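One line per chain: the protein sequences are L and R, in this order.
For the first sequence, the positions run 82 to 444 when my numbering is used.
For the second sequence, the positions run 82 to 444 when my numbering is used.
There could be a bad hint or two in this list.
The list treats identical chains as one, so a pair stands whether inside a single copy or across any two.
Under the rule of at most 25 Å between Cα atoms (straight-line distance), these lysine to any residue pairs were calculated in the SDA-like manner [claimed, not checked]: (1) Lys402 / Ala108; (2) Lys245 / Thr255; (3) Lys163 / Pro285; (4) Lys273 / Pro418.
Just so you know, the hints here were simulated from the structure itself, not pulled from any lab data.
Just so it is clear, the structure is predicted and the values come from calculations on it, not from any experiment.
Here is what each chain is made of, one letter per residue.
There are 2 protein chains.
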Amino acid sequence: MAAKRKSKACPALYADRIKRVRAEMEAKKLDGYLVQDRKDQYWLTGFTGEDGYVLVTKKEVALLTDGRFDEAANIQAPWAVKVLREQRTPERTAKELKARRLKRVGFDPDHFTVADFTGTRKAARPVQLIAASGLVLGMRQCKDKGEVDAIVKAIRVSEKAFKKTAKWIKVGMTESDIAAKLAYEMQRLGAKDVSFPTIVAVGPNGALPHYETGDRKVTKNSPILIDWGAEVDWYVSDLTRMIWPGSIPRELAKVNKIVTEAHDAAIAAIKPGVTAHEIDAIARKIITKAGYGSCFNHATGHGMGLDVHEAPRVGKGTNVKLEPGMVITIEPGIYLPGKGGVRLEDDILVTETGSQVLSELPL
Amino acid sequence: MAAKRKSKACPALYADRIKRVRAEMEAKKLDGYLVQDRKDQYWLTGFTGEDGYVLVTKKEVALLTDGRFDEAANIQAPWAVKVLREQRTPERTAKELKARRLKRVGFDPDHFTVADFTGTRKAARPVQLIAASGLVLGMRQCKDKGEVDAIVKAIRVSEKAFKKTAKWIKVGMTESDIAAKLAYEMQRLGAKDVSFPTIVAVGPNGALPHYETGDRKVTKNSPILIDWGAEVDWYVSDLTRMIWPGSIPRELAKVNKIVTEAHDAAIAAIKPGVTAHEIDAIARKIITKAGYGSCFNHATGHGMGLDVHEAPRVGKGTNVKLEPGMVITIEPGIYLPGKGGVRLEDDILVTETGSQVLSELPL
Chain L
82 MAAKRKSKAC PALYADRIKR VRAEMEAKKL DGYLVQDRKD QYWLTGFTGE
132 DGYVLVTKKE VALLTDGRFD EAANIQAPWA VKVLREQRTP ERTAKELKAR
182 RLKRVGFDPD HFTVADFTGT RKAARPVQLI AASGLVLGMR QCKDKGEVDA
232 IVKAIRVSEK AFKKTAKWIK VGMTESDIAA KLAYEMQRLG AKDVSFPTIV
282 AVGPNGALPH YETGDRKVTK NSPILIDWGA EVDWYVSDLT RMIWPGSIPR
332 ELAKVNKIVT EAHDAAIAAI KPGVTAHEID AIARKIITKA GYGSCFNHAT
382 GHGMGLDVHE APRVGKGTNV KLEPGMVITI EPGIYLPGKG GVRLEDDILV
432 TETGSQVLSE LPL
Chain R
82 MAAKRKSKAC PALYADRIKR VRAEMEAKKL DGYLVQDRKD QYWLTGFTGE
132 DGYVLVTKKE VALLTDGRFD EAANIQAPWA VKVLREQRTP ERTAKELKAR
182 RLKRVGFDPD HFTVADFTGT RKAARPVQLI AASGLVLGMR QCKDKGEVDA
232 IVKAIRVSEK AFKKTAKWIK VGMTESDIAA KLAYEMQRLG AKDVSFPTIV
282 AVGPNGALPH YETGDRKVTK NSPILIDWGA EVDWYVSDLT RMIWPGSIPR
332 ELAKVNKIVT EAHDAAIAAI KPGVTAHEID AIARKIITKA GYGSCFNHAT
382 GHGMGLDVHE APRVGKGTNV KLEPGMVITI EPGIYLPGKG GVRLEDDILV
432 TETGSQVLSE LPL
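This is chain L alone, in the form it adopts within the complex (with noise of 0.2 Å):
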């Protein structure tokens, strides 16, 4: 009845990101530590289930998850140990802390209920859970070689899948049959799914910065505003870009120059040692001298890569310094109530001379 098994040893990818959980581990003085957001796990072992913790001990690696994902296990961390348990409790959790006699278990305040935890912690005593935010992720700013192949992949899917689509856009369509067509586009080119929920906007919807795609339908001469990204091999994509199918609005025509120029020194402005906010100012500061400021209310960009948001936010407070391998997005845009709105958005690889646009597709 057995399937076939990898094998058991910890492919090196892998057995490299627990050493240096490891070491932040020792740092801290903990003798464990508890992941539960799902793409930390993923990143640290490759183990895809819903429901788990990965429990990184001095000695071992254990995955707690339950009989829904016992083949996931076998399949993609033969090499952990696994513990299947019926319900994620608490209790339960705290039951493995116990039996390692661990003392003093990390855990991540921005992924940890407060009911996970308080409950936990009660059933855990005398192990200690201490807050260690960020531990993982902040790891995952970064990308490797293999990460960023993985990016660029679902990049190319996206773009792929928005040259078909804008093809087969005519007057009549609505929001939602544009975004149907471009996610089934993209899920044929090999992506598992959007990265996100498809922003469709049609003439004043491009207004609301996360517009809800609806049943507008496309006329003459309404811009079109998509806001898209694909999922492949768990990395994602996230790309704005405008149609205009007709003669382009007096006003838009003017913000989409103004946004097009923040976008572009935004990019050329990013390279090592530069903070994230300094990148949002630039985009910023053109917009505010256009006259719009007002009309630009969100962050310039944010990381990207296992989730569509990650660190760093590059916007107004961060003061996070770019480092080779981070993978942001640049996004500046304007929004004129009732009217529409312009947003232009990139994927850029920081390198260690300056950056490098992973994406393709023309403006």
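For chain L, the structure is supplied; the task is to place chain R on it using the hints.
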């Protein structure tokens, strides 16, 4: 520049729900309740912005969100007090609690991270934060007529799309092709999105209850397990069907009969007053008696509404009694590693006198 706004009066639907929350607040001696879960927020106010809290006090309902969702708040909940803030920091949330001179503010420990909670509690002093688990979610368990209608709409969309897709499937297509087609058809029929990543599992892949759709190809004789759902007007469907393209392997045919029996018996037992645990036991007993107890490693079903997985869980240990208005899935399965699996899933409304199977697709 201002877009047209809806009336400032709170619609009766939301007024009633907010009244129920205030009654619970009164019972728990709370003068505020902070709603973090997005679906809870939508249920209470109609607001769909990705970022925000809803703060219910004795006198007002405030939406704490950011500039990206300004227009959405204006359109969806113009009757609520809108608080736009640049960043979603605990300090900023605390400021709003203090400004209202609140004393005891409830929150849902299942939807508040340790980081947010710790930060908010510290900055909000002397305001006390009191855990009140599932206060809104509990109210969401029993659906009103409008909600049941929305769920039925989502079910119909997913059923129609399934029929179209089933006809379209050909030998040589991949699991991903099928998932893409199904999503596309659902979206063309009015779905905003799939309600969860579609599972298309060909042949032995069916042995993983939560298989991630991949590249396995349809062959003449491999069964196809499809677990899918649509999201329409924020409410969801969740169904599973088997497609048998050719002759049915002997053991799977046997197993299919057992699962059908378990499925039918569990549904037949649904009525007010029966516990969720009892429903699970009925399905489990049939499968266990047939010798496949260890191959049915998940709960028989779950509540469904705005979320695909809501209370009550229809599994061991859930002593919740079924009540009219609850919508639950019934989805027993048998999984044979290396060979494949069978799962059959329908969506059922608990009525005053018994139950109504909302899904209409033949098994």
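Verification of the supplied hints:
1. Taking identical chains as interchangeable, the C-alpha atoms of lysine 402 and alanine 108 lie at most 25 Å apart only when both belong to the same chain, with a minimum of 22 Å there against 50 Å between chains.
2. Taking the shortest alpha-carbon separations for lysine 245 and threonine 255, both the intra-copy value of 17 Å and the inter-copy value of 21 Å come in at or below 25 Å.
3. Taking identical chains as interchangeable, the C-alpha atoms of lysine 163 and proline 285 lie at most 25 Å apart only when they sit on different chains, with a minimum of 22 Å there against 52 Å within one chain.
4. When the C-alpha separation of lysine 273 and proline 418 is checked against a cutoff of 25 Å, the pair qualifies only between copies, where the shortest distance is 24 Å, while the shortest distance within a copy is 35 Å.
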